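Taken in order, these protein sequences are the chains called A and B.
Residue 173 in this note's numbering sits at position 173 of the first sequence, and the numbers go up by one each step.
Converting from the second sequence to this note's numbering requires adding 251 to each position, the first position being numbered 1.
In case anyone wonders, no lab produced these hints; they're calculated from the structure.
Hints should not be assumed to be uniformly reliable.
Claimed, not checked - Covered stretches of chain B (in silico footprint by chain A; criterion: 3 or more residues with CB under 8 angstroms from a CB of chain A, positions within the stretch not fixed):
#	segment
1	387 to 400
2	425 to 434
3	440 to 454
Since this is a predicted model, take the numbers as computed values, not measurements.
Each residue gets a CB set at the ideal place from its N, CA and C atoms; glycine is no exception.
Protein chains: 2
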Amino acid sequence: MQVDVISSVNEARTDELLHKTVIVIDVLRATSTVVSALDNGGACIIPVETVSQAKQCQSLGDLLGGERYCKKIAGFHFGNSPLEYTEQHVKDRRIILTTTNGTRAVQKAQRAAIVLAGCLRNAASCAETAVSFGKDIAVLCSGTRDEFSLEDGLCAGLLVERIVQFVGNQSRARVSTNDLGMALRFAYLHQQDDITSTLLESSNGKRLARLGYREDVVYCSEVDVTTMVPILDQGMLVPFSCSAQARTLPR
Amino acid sequence: MQVDVISSVNEARTDELLHKTVIVIDVLRATSTVVSALDNGGACIIPVETVSQAKQCQSLGDLLGGERYCKKIAGFHFGNSPLEYTEQHVKDRRIILTTTNGTRAVQKAQRAAIVLAGCLRNAASCAETAVSFGKDIAVLCSGTRDEFSLEDGLCAGLLVERIVQFVGNQSRARVSTNDLGMALRFAYLHQQDDITSTLLESSNGKRLARLGYREDVVYCSEVDVTTMVPILDQGMLVPFSCSAQARTLPR
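Starting from the given sequences, assemble the full structure and let the hints guide the process.
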């Protein structure tokens, strides 16, 4: 099984993602928010690229979420803070989400065989689910404005580590990773006991803390705390357990 | 002092390199070869992009070195193996070098204030020399055909680590690094006792070993074994100690 890490959206070539399982990562904060919203009972998340697409998608009862420059978009119900998406607000609701980097990465991955949303919080379950499809895996870091982001890189390294562990435990085929995947796995292993403070030292972590979102960074830095794995199903991110794929896969 | 790591030549924007000290890295093998050739008494290395440029540059007595697809170019004196550039062959000779990635990276960096050639073998001295100029530093990994290479990434991480140590010892200003620099420093620290086997597991390391250059990979994986720092001076890489900059700098 080949596992390749891609450092940012611009580095991803659509033709390299075809036939693969793609795990999209935007730790600060889009994929952490998606996981949180579904964990709290949200029916589904519809990722869109622009604010006008979000408004066009909206049906009666739908919630609008998203950010530009880390801040809530005027007229939207939520920003991009996972802590806003509480059960009280999102239970059984469709949420239309547009963010600067994360939703763009999901769009880029759309033609892949399978698209999952990964973050530090769901890494082990996300790795296990990805392996269960038996396909090669691409870990697509959203990055920030086409640059590598430390938090996405460490999450990619963690996912590679969990995939290697999981495949090893199942005595399945060997895992090969590209050079970036190897480097980020080493980086994660070096910092694994110190993820929260490392995220607070990252470029996005510092920016968010300055804007008053320090608590978000701490929340997003928690590792393997939920089994919620969002999967893209007809343009909507839904819990993997509820998806068509889950019903057809031998697990 | 800001220290930014750039993952491959294509990621480098010339305007971001202006006014900086740029350390160009191509561990396997161009910058290791340059260091080796100068260590063995070569007068200078002239990096050029194409085979025809190399031939046009050649004056009587000059040596031609370089590779395409890791192999020696027909009619050239040397390939790109640092082990070929022995004192017997290179002493006091000008060498014109063209390689797939490394010499392209030097060309890209040409408009920077200072350009140094770094590899694992000269990392500590290269870091110390870079810091001595007092400018912000860009560490430019050559990569392989515009993709990140593990060996260049680990060397970049080592350089960041040595720069931090050196600035710390001098009680100078604090070093800030970009997210990629932080990640690669962590990766280096995790693998620092195992650099040779890690390089042999990298994509380029495996390719070179397959082609019969395993000994090159081992040689290029040795850390801090020489104080030779090549600097670009009027289009030629010369030992820093012989350059105009060395004569004008307070050291």
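Quiz prompt | Non-conforming hints, listed in increasing numerical order | solution = Violated: none.
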